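**Student:** Chains A and B, in that order, are what the protein sequence lines are. Take the first sequence: its letters are residues 18 to 288, numbered as in this note's numbering. Take the second sequence: its letters are residues 18 to 288, numbered as in this note's numbering.
These are computed hints drawn from the structure, not numbers from a lab. Just so you know, not all the hints are guaranteed correct.
No copy labels: a pair is met if it fits in one copy or bridges any two.
As the list claims (entries may be wrong) - In the SDA-like style, the derived pairs of lysine to any residue whose C-alpha atoms are separated by at most 20 Å in a straight line are:
| hint | residue 1 | residue 2 |
| --- | --- | --- |
| 1 | LYS128 | ILE193 |
| 2 | LYS82 | ASP48 |
| 3 | LYS77 | SER285 |
| 4 | LYS38 | GLU277 |
| 5 | LYS262 | ASN65 |
| 6 | LYS262 | ASN141 |
| 7 | LYS77 | ILE281 |
| 8 | LYS280 | ASN65 |
| 9 | LYS262 | GLN142 |
| 10 | LYS82 | ARG105 |
| 11 | LYS82 | ILE110 |
| 12 | LYS264 | SER140 |
| 13 | LYS20 | VAL220 |
| 14 | LYS175 | TYR186 |
| 15 | LYS234 | PRO109 |
| 16 | LYS177 | LEU188 |
| 17 | LYS149 | GLU277 |
| 18 | LYS264 | ASP66 |
| 19 | LYS264 | SER64 |
| 20 | LYS262 | SER64 |
| 21 | LYS77 | GLU284 |
Note that the structure is predicted; figures quoted are calculated from it, not measured.
There are 2 protein chains.
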Amino acid sequence: MEKEKPIGVFDSGIGGLTVVKRIASYLPQEDIVYFGDTARVPYGSKSNDTIIDYGLQDAKFLMHKNIKALVVACNTVSSIALDQLKSRFDIPIIGMIDPGARMASLHSKNKKIGVIGTRSTISNQAYSKKIKRNDPSLYVFERACPLFVPLAEEGWTKHKATYEIAEEYLLEFGKIGIDTLVLGCTHYPILAEVIQYVVGKDVKLIDSGIAAAESVKEELERYNLLTNKFAIGNQSFFVSDIPMKFKELAELFLGRPISEVQKIDVESLTG
Amino acid sequence: MEKEKPIGVFDSGIGGLTVVKRIASYLPQEDIVYFGDTARVPYGSKSNDTIIDYGLQDAKFLMHKNIKALVVACNTVSSIALDQLKSRFDIPIIGMIDPGARMASLHSKNKKIGVIGTRSTISNQAYSKKIKRNDPSLYVFERACPLFVPLAEEGWTKHKATYEIAEEYLLEFGKIGIDTLVLGCTHYPILAEVIQYVVGKDVKLIDSGIAAAESVKEELERYNLLTNKFAIGNQSFFVSDIPMKFKELAELFLGRPISEVQKIDVESLTG
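Please work from the sequences and hints to get the whole structure.
**Tutor:** Here it is as structure tokens:
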């Protein structure tokens, strides 16, 4: 039965596990199949063409898992390839940009919103275009923070250097006086404490994973696809590489240990 | 004629351009074909199996360019896949580990050597095994510095945060009292000034690219493969992705602008 199929979630690596965590807390009964393209991570510094190719391959792998909905838990792919994915696959597809942009628009009172993300997400102006479409009177300032992903993956969530790098990246947001900051990369919630400290406690941080999890719930309701089960859903995890420190990092991102993970060859899915 | 064929050089990304620069200064008449696997960079945090697969594909691409010798300008691949490459291809193959280890052994007077590299290079103990095979009385201390590659690629070569991160990574080397430090990753020469400052001016830094360039010269002499030309050699550049900031970074690593670069599909070379 359609309703009892799993939700598919993919990301360039393990960052999307922060989104799985959010979806599971909103929709604990749903089964989830996750794919992380750890053999080719990161996507955020690569070209649009390459990101589109990789995103299509990732989605294709999950389609073979017979999913009822697809969550693109990667801001970079969401910002570039969502239309291609929607035109290719005939199930509800939820990206990270629309939900995060909408939540930011709703939260901002002084109409000054900041967005941080990978080089690719920011240079595509994915969030600012969407936020301004919601409300053209909003002012949006965006900045790429390429070192945040490696800092999160190094586990330096409270390190002095992390604070200093955050101060450099986020300085301009303070000058502009934003009241809302979109964490436009699934790795960034890991550094939320540092980011909150640097921008000040009055700035509302928007976790695009939480926004996306809300959208997943809405979409499943809309298409009458919510599971009828009462038991806690199953989660299964696939990756294209099992690198060093994988279990340790996956636990940091997912918030609990991963017992089993399967490695697959994503390049065999080309085309 | 065999002698007039180009030297092939590959790396996971653009870091290997620092090695091209060194080879060109030792052997200015030689033609060089470079391949950087920028679509799948970085390798240093991935598993050995994945690194071997990628290294074989990269080498295969260059073999199709009819090269007379192959330089594995990537410490990670050199530390894991050099034997597989040597058994597969019948031309001189020069990695980064042997030359760097030999140069370090020759330089150290107090017999305490430090090595820094990617997580993969360090966990495979590539340098320490080789250095101790040269001289078992040498003491080798190794440490992975995963943030150095993204810092180099962000161009933060003199940033306060870079100094602080270097201080954290390199603290132990000072306590041990090394007199020689191997820069076991082709990105690290970009950060040489910071590294030298932090470890102190009495510590000799070994640039594995310089060591490898010397070895390339020796190998070509040994097999009578040095070009007879007098003109400056041609250099051609291939990559699997042309990401943002590519030209800017390539210039930083190569030391001069790259006029032309061709993008190829490395995944089509599987097998």
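**Student:** Hint by hint, say whether it matches the structure.
**Tutor:** Structure-based check of each hint:
no.	hint	result
1	LYS128 <-> ILE193	within (11 Å within a copy, 55 Å between copies)
2	LYS82 <-> ASP48	within (12 Å within a copy, 49 Å between copies)
3	LYS77 <-> SER285	both (11 Å within a copy, 18 Å between copies)
4	LYS38 <-> GLU277	within (16 Å within a copy, 45 Å between copies)
5	LYS262 <-> ASN65	between (29 Å within a copy, 13 Å between copies)
6	LYS262 <-> ASN141	between (32 Å within a copy, 14 Å between copies)
7	LYS77 <-> ILE281	within (13 Å within a copy, 23 Å between copies)
8	LYS280 <-> ASN65	between (26 Å within a copy, 13 Å between copies)
9	LYS262 <-> GLN142	between (33 Å within a copy, 17 Å between copies)
10	LYS82 <-> ARG105	within (16 Å within a copy, 37 Å between copies)
11	LYS82 <-> ILE110	within (15 Å within a copy, 43 Å between copies)
12	LYS264 <-> SER140	between (32 Å within a copy, 16 Å between copies)
13	LYS20 <-> VAL220	neither (39 Å within a copy, 65 Å between copies)
14	LYS175 <-> TYR186	both (16 Å within a copy, 16 Å between copies)
15	LYS234 <-> PRO109	within (11 Å within a copy, 59 Å between copies)
16	LYS177 <-> LEU188	both (16 Å within a copy, 15 Å between copies)
17	LYS149 <-> GLU277	neither (42 Å within a copy, 38 Å between copies)
18	LYS264 <-> ASP66	between (31 Å within a copy, 17 Å between copies)
19	LYS264 <-> SER64	between (29 Å within a copy, 13 Å between copies)
20	LYS262 <-> SER64	between (27 Å within a copy, 10 Å between copies)
21	LYS77 <-> GLU284	both (11 Å within a copy, 17 Å between copies)
Violated hints for the displayed structure, listed by number in ascending order: 13 and 17.
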